[in-house]
Amino acid sequence: MVINMQPAVETRWERYQPGVNDFALMVATENGSGSQTSNVVLIRSLFKMGIPVSGKNLFPSNIKGLPTWYTIRASKDGYTARRATTEVAIAFNQDTITEDIATMPSGGVLITNKDLKYRVDRADVTVYELPVKAIMAQGEFPKDFADRIANMVYVGVCCQLFDIPIDIAYSALLDQFNGKEKPAKMNFAAVQLAYDWAKVNLVKQDSLRFEPMNETAGKILIEGNDAGAIGALFGGLTVVAWYPITPSTSLVDNILNHMHLRKDPETGLSTVAVVQAEDELAAIGMIIGAGWAGARSMTATSGPGISLMAEFTGLAYFAEIPTVIWDITRMGPSTGLPTRTSQGDLLFLYTLSHGDTRHIVLLPGNAEECFEFGWRSLDIAEQMQTPVFVMSDLDLGMNLWLSNPFTYPETPINHGKTLDKAKLEAFFEEKNEWFRYRDYDGDGIPYRTTPGTEHTRAAYFTRGTGHNDMAVYSERADDWMENMTRLRHKFETARTVVPKPITHYDAAKRIGIISYGTNDPAVLEARDHMAASGIETNYLRVRALPLNQEVWDFIDQHDRVYVVENNFDGQLWQILRMESPFAQSNLIALALGDTLPMTARWLHGKIVEHEEAL
Amino acid sequence: MVINMQPAVETRWERYQPGVNDFALMVATENGSGSQTSNVVLIRSLFKMGIPVSGKNLFPSNIKGLPTWYTIRASKDGYTARRATTEVAIAFNQDTITEDIATMPSGGVLITNKDLKYRVDRADVTVYELPVKAIMAQGEFPKDFADRIANMVYVGVCCQLFDIPIDIAYSALLDQFNGKEKPAKMNFAAVQLAYDWAKVNLVKQDSLRFEPMNETAGKILIEGNDAGAIGALFGGLTVVAWYPITPSTSLVDNILNHMHLRKDPETGLSTVAVVQAEDELAAIGMIIGAGWAGARSMTATSGPGISLMAEFTGLAYFAEIPTVIWDITRMGPSTGLPTRTSQGDLLFLYTLSHGDTRHIVLLPGNAEECFEFGWRSLDIAEQMQTPVFVMSDLDLGMNLWLSNPFTYPETPINHGKTLDKAKLEAFFEEKNEWFRYRDYDGDGIPYRTTPGTEHTRAAYFTRGTGHNDMAVYSERADDWMENMTRLRHKFETARTVVPKPITHYDAAKRIGIISYGTNDPAVLEARDHMAASGIETNYLRVRALPLNQEVWDFIDQHDRVYVVENNFDGQLWQILRMESPFAQSNLIALALGDTLPMTARWLHGKIVEHEEAL
Amino acid sequence: MANALGLERADYRGGKSTLCPGCGHDSISNQIISMAYDLNLPMWKVIKLSGIGCSSKTPAYFLKGSHGFNSVHGRMPSVATGATLANHDLIAIAVSGDGDTGSIGLGQYKHLIRRNVPVVYIIENNGVYGLTKGQFSATADEGQFLKYYGKNDLPPIDLCLEAVIGGATFVGRSFSGDAKQVQALLKAAVAHRGTAVLDIVSPCVTFNNAPESTKSYPYGQDHEIRLHDIEILAPGYVAPKPEITVGDYDDGQVIEVEMHDGTFVRLKKLEAGHDPRSRSEAMTVLDKAGRENLLLTGLIYYEEPRPTLGETLNLTATPLAHLDDSRLRPSADTLASLMQKYA
Amino acid sequence: MANALGLERADYRGGKSTLCPGCGHDSISNQIISMAYDLNLPMWKVIKLSGIGCSSKTPAYFLKGSHGFNSVHGRMPSVATGATLANHDLIAIAVSGDGDTGSIGLGQYKHLIRRNVPVVYIIENNGVYGLTKGQFSATADEGQFLKYYGKNDLPPIDLCLEAVIGGATFVGRSFSGDAKQVQALLKAAVAHRGTAVLDIVSPCVTFNNAPESTKSYPYGQDHEIRLHDIEILAPGYVAPKPEITVGDYDDGQVIEVEMHDGTFVRLKKLEAGHDPRSRSEAMTVLDKAGRENLLLTGLIYYEEPRPTLGETLNLTATPLAHLDDSRLRPSADTLASLMQKYA
Ligand SMILES: Cc1ncc(C[n+]2csc(CCOP(=O)(O)OP(=O)(O)O)c2C)c(N)n1
Ligand SMILES: Cc1ncc(C[n+]2csc(CCOP(=O)(O)OP(=O)(O)O)c2C)c(N)n1
Ligand code: SF4
Ligand code: SF4
Ligand SMILES: [Mg+2]
Ligand SMILES: [Mg+2]
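Chains as they are written, first to last, in numbering that gives the first Met the number 0: chain A, 0 to 613; chain B, 0 to 613; chain C, 0 to 342; chain D, 0 to 342.
Calculated from the structure, these hints are not laboratory results.
C-beta atoms are modelled at their ideal positions from N, C-alpha and C, and glycine is treated no differently.
Keep in mind that a hint or two might mislead.
What the hints assert, rightly or not - Covered, in the sense of this in silico footprint (three residues per stretch, anywhere, with C-beta under 8 Å from a C-beta of chain B), are these stretches of chain A: (1) 315 to 324; (2) 380 to 393; (3) 412 to 418; (4) 460 to 473; (5) 492 to 505; (6) 513 to 520.
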């Protein structure tokens, strides 16, 4: 498929053989043609068959008509990383069919829409041609509707060819239209027609098929942005201000979807305010104002929005105001490719805004962590009294992921050192004073009040200008240094508060891998393959900045550490080098940033290449 | 003086003895009281006496009434760094006089305004008390005017006490009012009164005095922002868009001052457009639009403005549009301290905007370089087709510096690979094609046209979204990677184009110092002192990012390298660590960032401390 | 003398001003202090918000008992929006400048008004950027000269007209030299539900106080034209006759407008005779003032307030900031059953 | 058939549109193509500017022979300002959306107009954010429902009224379904010196085309009210009688407005009978249209243009971008004598 790359050197990988419940499909259609429904129905069906499955939607930055590719991977071994080569190509788009055919792997299966113009000059692939119009003609559908569901034809044919029980496809359709039988039946009619047609007219010539297994029992299928939205709502979110931008929009859409969970049962009134701001400058101003006034606030945006939020972020950092900013990263610089994935904002988020600033950045690697960091980020923000970033990406946010159901927060909501009337009185009782920016506990974290606290001494003045620990304006160098020193100390405290890395460690192994976010599935899969070919690796997945001691220990423990990330500059690698307490001669950057989710094969190839060159 | 700190461990430094033409004065007055004139008159007088002199204005972020301190340093050895201890304190501000007296060095000279309320409980200082009202009373000045020139009293007294020829003070006054005799005479009358009064009423009890020498012949006194403005005007600047912000405002003010140099002699029409934008978002949009359309454009701002320019900067980087952005840094984060100096934006400028970006940052270290980089930055921007930052700071930009007169640009204006009608025709002649983003020369730098080029194939489409080398919109991963790879290659080319570092190297010395910008005088002075006490150092002053090979060689050549900078995080040190081709175990960060210009004493103390601890 | 809360006027003061002696902004701060004292405002319920500028510094100089937030340049409106959403019980007093609102902040200003965020929005309008030393602002007179920056060739923005067409329900203009009127308008504004805009000409004595400048003291003193006399009748007062709501009023007639908290604003017609309840009249009078350079002051426009932003969002009566945790986190069962939907 | 430059209409086309079939924006692109072809515009002199959005994509779909710049969201006005300063010979055609201009870009839009930057500023107004899938924009109808985002509780911003009070000298409104009028207004706008604003209702067929939406095709087709018929008379035409410049016109009467390039715009009165030369009339008619939800189209406001930004800056006749180096760098002597002043 035309957008696919990530060249990998030839390796043992070549021996990989597709088989039952272990192959991938690629569906090439037109954006806005309704194919999304068909593709999700296929995924849900495999999920219901108990087969580990994952899907990647590679869509254009347009509303209707441009090429879009959807890859579905079934993996009996539970691998969910994107695969570059897809054994089955469903070529339903006139604009790309020629290239789609040319680029498919030898021995693959090609399913085409016969109504399109194309030539198949590939003796090395099995071809099934579907007369879509003719098939649809059999079931008098209303014209416009027929177009919209024509894509159900390949669903029916796939059921027939690859042994997907058609009743399972139906229940998947039902889910898709959340229980509404009418549309489900309508669509299913087309599936059935195609299924029957294929039974009669197609002779199975390939060996690819699915078989029920029991690997998805108790699991869920969910998008990261949906998980994050649910997490935030269970995290006591009260104010959201946002401005639409792909791929973050669906995070707020999902907050709106689930907001009823936070309606007051008696009055039906809402405990969450969601405001569509006029831009990102306003969105962040609103959540900072809200955080200052005692709300649990957040926004969601992507690269361009982050750039616009830079100045306000510096204010929140310096004035110590809690708020949460989700960055669902897309391909940058600039407007870049809004519908392609990347991890390119990491370094910028970490140092966002002028002057000496450093920020907390949480790095979810899967849907469960999107949920967890959804609520935890709000806790950490109030606990540390600072803006907290959650950096997800388009791949995690907008694709369907196989996940465990989410576990209810184990800890109560944490408001940090926020003094309400009673607490403030107690504080004065004990200390005979309270000053906003004084470090009473030696952890760099001061105590705060919020407006509307009925106490004559609750008030203080918040500003982005120089101030002493009594929140009084000051231009004195010593006051400035004292405050900056405390802020740095607070940041050191943050290292112990943010989520620790996930480590797979075995002292016998001398090679380490450090990565984060959605590279996880590619790393896990590549490690297995490398182990099979004698390259044993340990693995540490960073889940937050600032980095914790565990990371330095891990680097210390290995001869070589590959730092694997999906951006062009190797930004985590750069942060590791600029922060590590010792000279790191053993860090090797494997940076990709080619707009697509990382494949295990690419990573495997890179590491093998490097190891063999040693 | 109250805002002074930079604690330094006790060292041989203590042996330093003030003497003739080698001591410093501190003038404490009220902001907006006209004292600035008096102080500059004192500096100019010393300059005219041929004595190396430097001044630092430590003023508040307010228009009238808050304390302001002005330090004047005379140094027969030509040292121009700020000195923390000032032998002479002129305490003319009621609000600070008590602390000003308390913090002055033992053996110092105190000059007070007798009309203020204060007590001198320092037996260890020489005191001269001036009845300012009484002195002024002698010369019937119009009331309001009298207040404004009362500060001339300490000028007159200093002339008397420290042997500044009074006629020199007069000619300094004349310069100050650029030749206008009336105001000069008015002010001089007050100087004369005070001078005469002191002659009669003060008995010289200290040994501090000035003596004519010949060290300033052929030199000039100028502010960095003035130098930068002149440089830009001699660099073919045509469009300026800006938004006022301290301390960058005077850069544009000076462009306005000198704009007549660019008036068309016949028509009197202007070849430079200066627009006060509605904010920094608009300012950078305007200069990018102008750069795109063929202008030599620039803006000047400071930290908060830089944050607001982040998104547009990413566009200019990715769409490859030339423009120049001056960042006259002030103390951040956030609004911070607008009237205090810092080098805290370095890392942020280098990586400004989301996604994988890197920018050219020029780092002038003195007024001559402000002039040179003023014109050169416009050349480099067009040559590299990218935004170029010039990072100066408040200290360099707003204080008076002793400098050599500026040398006329040795190279003609460089428009880089810009194809006008004729050049474009020639290009087609030779290559039969022209594509905007194709790398024809292997240096990563493409050829561009500007709008209004009368040629049917001159047009191309500029965008911040994905594009191939023909400037056609593309979402293909391979197009994206090809473009990013070329951009990185172009950035590598930039390393060879930007100003090289200034190096003081002697193979026998094993300790190196790397610094940049206005730390230069402190480094030079500290090196002399350290050498005197047996610590021999080499010195490399970085003048631009990206770093050149020279820097890596310098690090390689030393056992230890101290990276000296005036920000809190040690940002150049971090950049060195994240970019150096080898593991750098020998880099030691000496980061200050205490809102004030660095003193040689602080640096000397730090290095001695560290060296002795080895 | 203590007010109903037992507080002296001095208790409503703030820190010592660092503005230039005679700056118009300081007199506005004084009127805010008097207003709060007269109305017995509980300071703990008040928030003070501002952007950046000399004007924006003033919240530090009044109501020391209130939380204050000196935010970033031009974007205080968004901070005010978030703060009042977090806690709709707060009384928000926002101070801005003509540069802060008319240049960098124009977009946020307009969108704050469109959302009808409940805040008293005071613009201390001096036609220049004071804190950065006297550049022209977007409200400077067309053709005006300033010693340093020369001639201003651009037409001024009328921030009242911007507010009226932007959907503001309370728009007043005044002159900081007119203490009585400033205070009356402040009291009415605080009683108003929704965005109340007060554009107050507040001379910069250091950079823009030449008599020709419409933003100067001399000009204001000589040229201010009051559209009406304003009297504020505290809640509890009973209007003699049903409130007049339509028609323009004849000589000597009086309009009384009841605010949602029961405060009455009584307007006594003066020669200009402007009826603030008519949007088109407001637009006309402002257009005229602009063309003829008239400093018309008073309540320019008033309408029955539409719902505030918080009201359109159907938020709980308890301020979001004060909800207890039980209402912030749904139950474990709720999560479990939600998970079912994804299985 | 070739025009005076020997170009076919097809030569004025751009790349293939990637917008939804039927999108209003595509028909506006078509009118731009026809306008340029009819007026014999030399494409090399034209620049196409836009922000971000479906509307902002369109410059790639017309005038392939012109330089285009698809900049950042909402801030194209500043890019247009800089580009036209760099080269005042350029003919600037700017395309924006209601989100791009009314939300994120409102401040820059207003300041562009205030500076009278010479550009044809087209707003393709569909009441939603198309490219991000149908959120309400600031021009959406108050009370309107959208399947996904529910009810819009905020009043719409009228971008024509904003322009009129902001100092625009040419303000028109149209409907992308009214090809003839769109083209006439485009021709007049290009002939205008200074900012010419065209707010064109341009339906989003995918997200906001329900008949009750004032931004839909059905609504436009049924409810458009033309204020007058517009005829464009190319330069060279001689007005029968001295141009009428004052007074409102009686039935059947005609106004002819001469543009600086000699083009005449002839307005033939229809029942609505609006005189675009009166600012107050323009404000009233827009206010009325807003209150009564009327889609009034035509030339809303026109005035003799005040100086453009470039003119107020007294720039050389040669575009700054085309000055030769001798005029870009003063002589060595100049520098030497300047240095004297600092010695
Ligand atoms: C982002 C940003 N840009 C510029 C500045 C510099 N600045 C501080 S105050 C100010 C203008 C203030 O003018 P105005 O709002 O009219 O207030 P005034 O001082 O006149 O009362 C500017 C430009 C800033 N603080 N932040
Ligand atoms: C800074 C920034 N924020 C958000 C976006 C996402 N975005 C792209 S287009 C758009 C809105 C476009 O709406 P409009 O201007 O009305 O154009 P339309 O698509 O309706 O024609 C948004 C919010 C962006 N590209 N940049
Ligand atoms: S500069 Fe002007 S606005 Fe600022 S404090 Fe002084 S008088 Fe007031
Ligand atoms: S989404 Fe709407 S605005 Fe965008 S192209 Fe489609 S119809 Fe046009
Ligand atoms: Mg002002
Ligand atoms: Mg739109």
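* **Hint numbers contradicted by this structure** => 2, 3, 5, 6
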